[in-house]
Amino acid sequence: MTAAVSQHDSKAPAAAAGNRENDTAAPLMEIRNLYKRFSLSGDFLEQLKFRGGKLVREQEHVHAINGIDIDIRRGEALCVVGESGCGKSTVARTVMGLLSPSKGEIHYDGQRIDHLSAKELLPYRRRMQMIFQNPYASLNPRMTIQQTLEEPIRLHHPDWSKERVRDQVRDVMDSVGIDPDWGSRFGHEFSGGQRQRIAIARALAVDPEFIVADEPISALDVSIQAQVLNLMMEAQQQRNLTYLFITHDLAVVEHFGTRVAVMYLGMVCEIAPTGTLFAKPRHPYTQALLSAIPRLEDDRPQHIRLQGEVPTPVNLPTGCVFHGRCPHANERCRQEVPALIDVEDGARVACHGVEEGRL
Amino acid sequence: MALLEVNNLDVRFALRGGDVRALRDVCFTLDRGERLGIVGESGAGKSVAAFSLLNLIAKPGYIAGGSITFDGEELSGMKDRGLRRIRGNRISMIFQDPMMTLNPVLSIGEQMVECLKAHRRISTREARAISLHKLNQVQIPSPETRLDQYPHELSGGMRQRVIIAIALLLDPDIIVADEPTTALDVTIQAEIMDLLLDLCEKHNVGLVLITHDLGVVSQVTQRMLVMYAGRVIEQGPTREIINDPQHPYTQGLINALPQMATPGSRLNQIPGSMPSLSNLPSGCAFHPRCSFVNDASGQPRKACLDKVPGFVDSGNCRVACHMVAELVNQQQRDSREETL
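From first to last, the protein sequence lines are chains E and Y. All residue numbers for the first sequence refer to the numbering used here, where the first residue is 6 and numbers rise by one. All residue numbers for the second sequence refer to the numbering used here, where the first residue is 342 and numbers rise by one.
Relax, there's no trap hidden among the hints.
Computed, partial: chain E to chain Y, Cβ under 8 Å: (1) Ser196; (2) Gly198; (3) Val227; (4) Ala231; (5) Leu234; (6) Met238; (7) His253; (8) Thr279; (9) Leu294; (10) Ala297; (11) Ile298; (12) Arg300; (13) Leu301.
Please keep in mind that the hints were generated in silico from the structure rather than gathered at the bench. From the three backbone atoms N, C-alpha and C, an ideal C-beta is built for every residue, glycine too.
With the rest of the complex left out, here is chain E (with noise of 0.2 Å):
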């Protein structure tokens, strides 16, 4: 655990640098082939059902992620966007370790921390922290501010006394630009975003090195939200984070993220750097996306308008999840899955159209 922890101190500077093209440093958290399903048929006598005079079992499963492989590099923000249902709240969580894969593997420093048990998996959830979307629903309100960032700093690390635990309270408030005296209020006397420095003070009190956002500032008004937003790119510059932050807002990975995956249903379809991906956008449905953005500059801009809607979960079209809606498709996107290929700059795309020059 320390020795982990030395390692990846001495990698910091590096990071630090802003080097963003560097890959050959190992990635901090690896996704390889990750599939989450949950079952829509209740137990397993809800599953019985006759047909033709004889009983079977029958089972519906949503298939929330359908095979992703994410590498998240040392100090990078990674965004993941899609639409609701695509399943980007659903790899947050996996990730976490708060929904366990149906298959595949999550590496964290280089250990495999899928599978372990909670207790295993304790001084891993030190150093990886979540923000949720909700700031109304995130706090407790039965809590003090200060007992609710109390709370993890006592669980992780018992040894520490009383007086060194409402130090790091203190600090971390500061840090978040709540003032420390508000320690005995309760949530509701705070405004959605003064919830929202807290609840990601109570990510930063155990020190984390690598911070789950599920769409932190989704809740929050323009004005706080370019609050928000600053105030975690501070913490990422003095403490070094490395995030994984999830949203639907275009506009806000542009600003804060290092590199973008995109994701239609359960799959990811484009992963670049985000300059890359906001010039060059490759796979039909970034471009979909990226056309529908509301700037300001122009008065009505021509979108790309996609046909139909996203399809169900529970039963996945063939081929390219994409296929249905996709103005480009042929006869091979509707049969076969494509791979996330590499094109230039640094860009994955998983479309048959692109790897053929199509497109």
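Based on the hints, put chain Y in the right spot on chain E.
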């Protein structure tokens, strides 16, 4: 005279600790076929402004003063009976959450027929025919089957299309849309906004669009109001406000958008948060967060702290700000001296 005229609208909520003034001195007009945006953060009063147009404010809220004139008729003191002729018929509303606004126990067709029959003496068959026509207009695939489906069988985007179809059922003069796309995904949002825009243009319907998204406002509307703490602080042509905002709050709001900053740099945040309406700061409600509150000598302007700013005309826009008023006065003095 404009189709809809709102003058000095004053809406209060009678609470135990005294009245809370949710809207003060709100004035705007809307012409046939015109599109007006109302922007502001949560709690600024934009939804109250929309709801009060049709007197839809629930108790303990009430309209304490001002006038709402629609097509020559005064709406603010009107009895429910009179309002029912106008609500849904000549002014219709689209609400934010498409999951909440459709009745889950009635099929789409029943809800549409019900709405038509409430306003017109027609047979069910005719009403269904009109409903079908409207569903076609909002480009719903296989509209005949949709009529007999229930809301839960449709996706969010589909439901919002149905709601737009219902809003258009009686060929209204004005549609008031309260955050119509906030609950939807970006690609669906773009489709729904395009659709709403096309239909409004085609049928010459006026649109009041309430949103917190400056991008949407700038793409859809011709004029806009910016609201803060129950007041309009800036209004004028959308393009001019977006390109050259005068009020420090509008400037802050636009500059805080990630798309206005170079990627990775610090965003220009507005410090603090919006005050509660029951405990407004004295003078200009924005002064504790305003970066222009100090005058040339570095002291806070007395007017900002004591006096609620009135509107000054600055170009085609009207701005409620003491600093802008000073600048405008200065310019007028300068130009007068030049002519002398």
